[in-house]
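Asker: Below, each chain spelled out in residue letters.
Protein chains: 2
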Amino acid sequence: MAHVSIIGTGNMGQAVAGVVSRSGNSVELLGRSDAHRAVTGDVVVLAVPYGAVAEVIDQRRDQLTGKVVVDITNPVDFETFDSLVVPADGSAAAEIAAALPQSRVLKAFNTTFAATLASGTVGGEQPTTVLIAGDDADAKSLLAGIVSGAGLRAIDAGSLRRARELEALGFHQITLAAGEKIAWTAGFALVA
Amino acid sequence: MAHVSIIGTGNMGQAVAGVVSRSGNSVELLGRSDAHRAVTGDVVVLAVPYGAVAEVIDQRRDQLTGKVVVDITNPVDFETFDSLVVPADGSAAAEIAAALPQSRVLKAFNTTFAATLASGTVGGEQPTTVLIAGDDADAKSLLAGIVSGAGLRAIDAGSLRRARELEALGFHQITLAAGEKIAWTAGFALVA
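Those sequence lines, one after another, are chains S and Y.
To convert, take the position in the first sequence, counting from 1, and add 2; that gives the numbering used here.
To convert, take the position in the second sequence, counting from 1, and add 2; that gives the numbering used here.
Just to be clear, a hint being listed does not mean it is correct.
In silico contact screen, one side only, chain S against chain Y (beta carbon under 7 Å); selected entries [stated by the list, open to error]: (1) Phe80; (2) Ser121; (3) Pro129; (4) Ser150; (5) Ile157; (6) Phe173; (7) Ile176; (8) Glu182; (9) Lys183; (10) Ile184; (11) Ala191; (12) Leu192.
Hints are computed from structural coordinates only; laboratory data are not their basis.
Think of the CB as a built atom: it goes at the ideal place given N, C-alpha and C, for glycine as much as any other residue.
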């Protein structure tokens, strides 16, 4: 059984916590008032907005050594809604991996809206697929097992460099939902 | 009724020609041996590999003035399969628009495999959605009408800047199919 720490109690943090619970693994959910509590999970999900990630890393760098760290962020420029705020040839995941060289960083959950994680379906029509990118095969397998244990589909999306494409996909999906082209309960479904 | 010229007779050119025909619009399909024939369509689809686009533009620049030009390319670096060959902050569509300032350039059909355009479904499970990005609303409406007339879904994906995200999505979908995570008859379906 895996033990998962989730930092961030917003809708995404709660949705990922629900996935972990449904898969029969144990979960701790840490909010702002828990900054003094060390994370105890083997897997740590950074479920805070992109702009808050650096502070979390500063606070918890030592605690994250040797752990699987999951970046779920969509680093959208919410002022212009026209680009990401990370370098065009990089990704938030690449930045986090550079900041945490002793951790095994994965990108996941950024292409699934909270509602699709909770319901297990995209718009009630297709099973929800969690795309997982990363450079450590064992870490990806561990997270994939948690995801599939909750009844969702997990797909190995390739190396951590693919986080760039996952962030583009997440951004585009957000623009489509914000523009009312799709519902926040729906989005891109991956048909195999 | 629209008249559509398709430059390129490969599997994507043929698939887009099928869409145009099914929608009741007229289509001409031009191959390599037709370089001397001027395009007659109001809409011109560049259905050649990214590496061949510059030559087509050189040959046909004057013919493309005033027309709706549709870029369907996925400018993947097929040597490394690890990035696109266009600048990270740009897109093939942006390059084509810069080269054809007298045309109305759209990005479309790059996130749909040929088989999904032909069958009208993603893996037999969801209707095929064509994402259309561009800066000219009338041009987008014209193409959306052709697509929906063929029984497919058309979605306005935003300004031509969104071509960057559509090319990331197309690239990622190709890596998933090449890695046998999904079939070439399936891929990302958009659930509204």
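Asker: Run every hint past the structure and note whether it holds.
Answerer: Status of the hints after comparison with the structure:
1. Given the 7 Å rule on beta carbons, the hint for phenylalanine 80/S is violated: about 16 Å separates it from the nearest Cβ of chain Y.
2. For serine 121/S, the interface hint is violated, the least distance from its beta-carbon to any beta-carbon of chain Y being 12 Å, above 7 Å.
3. With its C-beta approaching chain Y no nearer than about 10 Å, proline 129/S sits outside the 7 Å limit, and its interface hint is violated.
4. Because the beta carbon of serine 150/S sits about 14 Å from the nearest beta carbon in chain Y, more than 7 Å, this interface hint is broken.
5. The beta carbon of isoleucine 157/S is positioned within 7 Å of a beta carbon in chain Y (closest approach about 5 Å), and the interface hint is therefore held.
6. Interface restraint check: phenylalanine 173/S against chain Y, minimum CB-CB distance 6 Å, threshold 7 Å, status holds.
7. Interface hint at isoleucine 176/S: violated, since its Cβ lies 10 Å from the closest Cβ of chain Y, which is beyond the 7 Å cut-off.
8. Taken as an interface hint, glutamate 182/S does not check out: its beta carbon lies about 10 Å from the nearest beta carbon of chain Y, beyond 7 Å.
9. Of the supplied interface hints, the one on lysine 183/S holds, with its beta-carbon coming within about 5 Å of a beta-carbon of chain Y, less than 7 Å.
10. Interface hint status for isoleucine 184/S: upheld, as the beta-carbon distance to the closest one in chain Y is roughly 5 Å, under 7 Å.
11. The interface hint given for alanine 191/S holds, since its Cβ lies 5 Å from the closest Cβ of chain Y, which is under the 7 Å cut-off.
12. The criterion of a C-beta within 7 Å of any C-beta in chain Y is met by leucine 192/S, whose closest approach is roughly 6 Å, and the hint holds.
This entry does not satisfy hints 1, 2, 3, 4, 7, 8, going by the numbered hints stated previously.
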